[in-house]
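Q: So for the sequence shown, the working numbering puts the first residue at 1; every next one is plus one.
If you are wondering where the hints come from, they were derived from the structure by calculation, not from laboratory data.
Only a predicted model underlies this, so the values are computations on that prediction, with no experimental measurement involved.
Check before you lean on any hint, since a few could be wrong.
[Claimed, not checked] In silico DSBU-like cross-links for lysine-lysine, where the CA-CA straight-line distance does not exceed 30 Å:
id : residue 1 : residue 2
1  : Lys-167   : Lys-698
2  : Lys-8     : Lys-248
3  : Lys-607   : Lys-624
[Said to hold, decoys possible] Derived CB-CB ranges, DEER-like:
id : residue 1 : residue 2 : range
4  : Pro-493   : Lys-8     : 49 to 57 Å
5  : Asp-620   : Arg-557   : 35 to 43 Å
6  : Gly-608   : Lys-167   : 36 to 44 Å
7  : Lys-265   : Lys-624   : 40 to 48 Å
8  : Gly-241   : Tyr-353   : 39 to 47 Å
9  : Met-458   : Ala-253   : 54 to 62 Å
10 : Ala-431   : Ala-346   : 27 to 35 Å
11 : Gly-608   : Val-435   : 29 to 37 Å
12 : Ala-586   : Thr-560   : 34 to 42 Å
No residue lacks a Cβ here, since even glycine has one placed at the ideal position from N, Cα and C.
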Amino acid sequence: MAFFSELKLALRFARRELRGGVRGFGIFLACLALGVGAVAAVGTVSSSVDTALSRDAKALMGGDIQIRQTHVPASDEAITAMESMGRVMRMVSMRSMARPPETQAPQGNATNGVAENAPEKRRSSLVELKAVGPNYPLFGAVTLEPALPLADVLAEKDGVYGAAVEKSLLMRLGLAVGDDLRVGQSVLRIRAEVVREPDRPSNFFGLGPRVLLSLDAIQSTGLLRPGSVVRYVYALGLEPGVSIEQAKERLQAVREPGWQVRDYKSSSPGLSRFFDNLAVYLTLVGLAALLVGGIGVANGVRASLEKKYEAIASLKCLGATRRLVVWTYLAQTMALALLGSVLGVALGVGSAYLAAPLLAQLLTVPVAITPAFKPLALALMYGLLTAMAFALWPLSAAGTISPARLFRGYGEAGPRRPSWQAAMASACCGAGLIVLTLLYAHNARLALGFAGGVLAAMAFFRIAAVVVMRVAARLPRPRKPRLRHAIANIHRPGAATPAVLFSLGLGLTILVTVSQVDSTLQRSISEQLPKDAPSYFFLDIQNAQIDTFRDIVAATRGITRMEAQPSIRGRITAINGVPVEQAQVADDVRWALRGDRGMTYAATPPKGTKIVSGQWWPADYHGKPLICLDSGLAEGFGVGPGDTITVSILGQAFTPTIACTREIEWSTLSLNHTFVFSPGVLDNAPHSWIATAYTDSKQADDALFEAVTAQLPSVVAIYVRDVLQDVDAIVRNIGMAIRLTAAVTLLAGLLVLAQTLAANLEQRYYDAVVFKVLGATRRDILVTLALEFLLLGAVTAAVAALAGCGLAWAFVNAFLMTQYAPLMGPLALILCGGVLATLALGLFGVRHALSKPAWPVLRNE
């Protein structure tokens with residue numbers, strides 16, 4: 001009973017304390033709102049994208065069930081089984097080259113205007129062909145401009161098949177709706193512009209513009225040859241009464257090797273996985289901002305309690321226990337924390353709405369920003385747990401105030417310590433944050449890594465603060481008194497050095513790391529890779545064309561090197577006899593099991609091969625199937641020489657033995673295959689060739705492109721520089737999102753910095769009075785404080801630069817696998833900003849203390 005009576009009394013006192021409003025808690029509320037807002041914004045956007053993908057799942061999949069197969073179409077028996085369960089939509093997709101007919105000049109269109117007055121265009125363009133059946137799409141609708149029925153657009157009229165193309169293709173080739181387009185051996189008439197496809201979830205990345213045509217039209221192009229990389233897709237719209245499980249069971253009876261069967265519940269796994277991973281990383285950056293804000297919470301609570309020490313001592317004189325004091329101000333603190341967290345949730349939802357236009361550009365799926373309970377509740381819990389974790393320490397310490405404080409000169413000696421119960425409760429709140437992060441991230445390794453990183457950062461900056469203070473204490477005393485006092489302020493008891501190093505240092509470290517990694521990646525894409533990368537990749541070179549292709553390359557000036565390898569697509573179905581669905585493989589190589597992979601065969605090792613384990617077969621080898629595997633995949637699969645890998649190629653299963661593993665340097669973009677078979681296995685299978693060409697000038701690029709596309713129109717030419725530019729644009733967009741979130745951490749750090757530097761205003765005021773009595777002028781005091789803040793900012797910037805560059809180096813070497821070199825421009829800009837922010841906020845915080853008159857202190861002391 002006494003327990004509840006004391007709790008009730010504490011709540012009553014807390015309610016009375018709250019009558020004074022939130023004055024003095026501005027930074028407390030702002031820090032929580034920023035961190036919670038970042039987490040809530042990321043969670044709301046991620047939840048809205050997931051909702052949109054789930055809502056349009058059948059349209060994105062194309063049906064209830066989708067079956068994909070490479071190289072060969074499904075058998076008649078399989079198609080009959082599909083048709084017995086409902087509607088079947090057939091689709092064929094591949095890449096090819098498209099160009100205007102030789103006799104056609106670009107024509108303007110009064111209503112379209114794309115080609116009118118168009119500049120000179122390249123004569124050919126890589127396109128992604130998508131041939132569809134008459135019942136496409138089963139779900140959703142295709143949006144065309146002009147708005148015509150798709151069947152009419154693609155139909156054959158006057159002996160010419162129709163096509164619908166993306167606007168980017170019209171702009172590349174200087175064409176307009178109504179013009180003709182040559183694809184393979186066929187001429188198509190452009191009758192509409194593709195605005196939106198229901199089964200295309202995003203506009204993130206594509207090697208070429210889309211061209212929609214009919215199944216009959218793609219047959220007329222002559223591109224469906226043995227060995228061509230063609231994907232056959234079948235979408236099923238199930239009849240009522242036929243469940244997904246029943247349909248999959250029936251399909252199992254006619255299943256062919258190489259089939260990929262998915263249902264609408266996993267309509268866009270790649271896109272969902274991308275957004276989930278991005279959301280997790282952005283959330284962790286937001287949590288870092290929240291943890292920095294936690295220092296602001298602790299400082300705000302401590303500053304508020306310092307003004308109430310006499311009131312607490314009075315309560316103690318009247319019989320209040322330490323528990324009553326702690327509960328009273330804990331209730332007040334958590335009420336304010338709830339307010340700050342709610343404001344943060346509102347800020348996050350508003351930010352998500354501002355991000356909606358960007359999502360509309362990236363996704364073809366309409367995304368309506370809808371606040372969801374789970375991500376917002378999660379953000380709210382993050383805020384409350386952070387506030388409690390950081391507030392319990394100063395609250396419990398304040399409970400130790402003695403009634404003797406009311407009597408002048410009898411204050412407590414030494415720092416006040418919190419109780420062990422408060423320390424345990426604070427640790428439990430920290431553990432709660434880790435558990436929430438684990439539940440949200442669905443990746444124990446990542447969440448635990450983040451938790452370990454936070455603890456390591458706290459230890460690092462604490463050690464750095466101790467080192468800085470000890471070094472400052474042991475420096476020779478400068479002759480100039482201003483500098484001497486500035487250095488003394490860095491290491492004196494109660495100095496702001498530890499708080500400044502952590503709050504500003506952590507924010508600067510994250511920003512330095514993000515900017516250095518982003519800049520290194522962009523520099524690798526824009527500068528380093530093109531120097532060593534080929535100019536072109538050529539795909540789908542038929543066996544009968546490879547000699548002609550070599551002759552074209554030999555006759556073109558400016559070609560410095562050419563590589564060519566046979567290529568065929570295959571899918572891994574088992575590892576050491578264990579089906580891939582049951583095999584235990586590392587997460588970072590699971591991508592190799594999700595679809596078809598490029599494979600080749602060779603008698604001798606490719607140039608520059610680095611054997612990691614095992615031995616390459618003899619050049620005249622003719623025996624049981626062997627394979628050389630990428631060492632990274634082998635490690636992730638848990639296999640090595642002597643183990644087996646089963647692959648399905650053109651519907652036939654092969655089980656070669658691993659002869660060796662080799663290291664592949666992917667960053668050079670040279671011609672490489674993860675799987676290389678021994679001779680005699682794939683030689684007689686229908687396959688095509690891929691090649692790379694290296695040039696010494698832009699003129700050679702253009703000459704080679706025109707020669708190949710003119711003489712071998714079915715060969716796909718991929719200009720590497722265009723691809724790198726697209727990748728660079730994607731990296732810039734993602735980097736901008738990460739930098740904005742990291743900036744929230746820095747902003748929280750600046751708020752905490754301002755609070756920390758202004759926290760001991762009374763002491764600053766007292767020091768200023770003493771200096772003035774001893775003859776110092778206002779300018780002397782200002783210069784001394786400016787030097788102190790400059791030194792603090794410079795030391796913090798140096799520590800942040802060391803930590804940020806170290807983290808960037810580790811990330812670049814471990815994940816990007818490229819050479820890291822600090823980029824001094826962004827680094828100097830960030831660090832100078834941190835130093836100037838420390839100076840400005842410090843002087844701004846003490847301006848009132850320096851303007852107060854000296855007589856109140858002199859009279860009272």
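Q: Now look at each hint and say whether the structure bears it out.
A: Against the structure, the hints:
The straight-line distance between the Cα atoms of Lys-167 and Lys-698 is roughly 26 Å, inside the 30 Å bound, and the hint therefore holds. Restraint check for Lys-8 and Lys-248: not satisfied, since their Cα atoms lie roughly 62 Å apart, outside the 30 Å limit. About 24 Å separates the Cα atoms of Lys-607 and Lys-624, which keeps this hinted pair within 30 Å; it holds. Taken as a hint, the range 49 to 57 Å is violated for the pair Pro-493 and Lys-8, whose Cβ atoms sit roughly 40 Å apart.
The beta-carbon spacing between Asp-620 and Arg-557, approximately 38 Å, falls within the hinted interval of 35 to 43 Å. Roughly 42 Å separates the CB atoms of Gly-608 and Lys-167, a value that falls within the hinted 36 to 44 Å. At roughly 41 Å, the beta-carbon separation of Lys-265 and Lys-624 lies within the given 40 to 48 Å, and the hint holds. Taken as a hint, the range 39 to 47 Å holds for the pair Gly-241 and Tyr-353, whose Cβ atoms sit roughly 42 Å apart.
In this structure, Met-458 and Ala-253 meet the distance hint of 54 to 62 Å, their C-beta atoms being roughly 60 Å apart. Separation of Ala-431 from Ala-346 is about 28 Å and conforms to the stated range, judged on CB atoms against 27 to 35 Å. Distance hint for Gly-608 and Val-435: a CB-CB separation of about 48 Å, inconsistent with the stated range 29 to 37 Å. Our hint of 34 to 42 Å for Ala-586 and Thr-560 holds, since their Cβ atoms are close to 38 Å apart.
Going through the hint list in order, the structure does not satisfy hints 2, 4 and 11.
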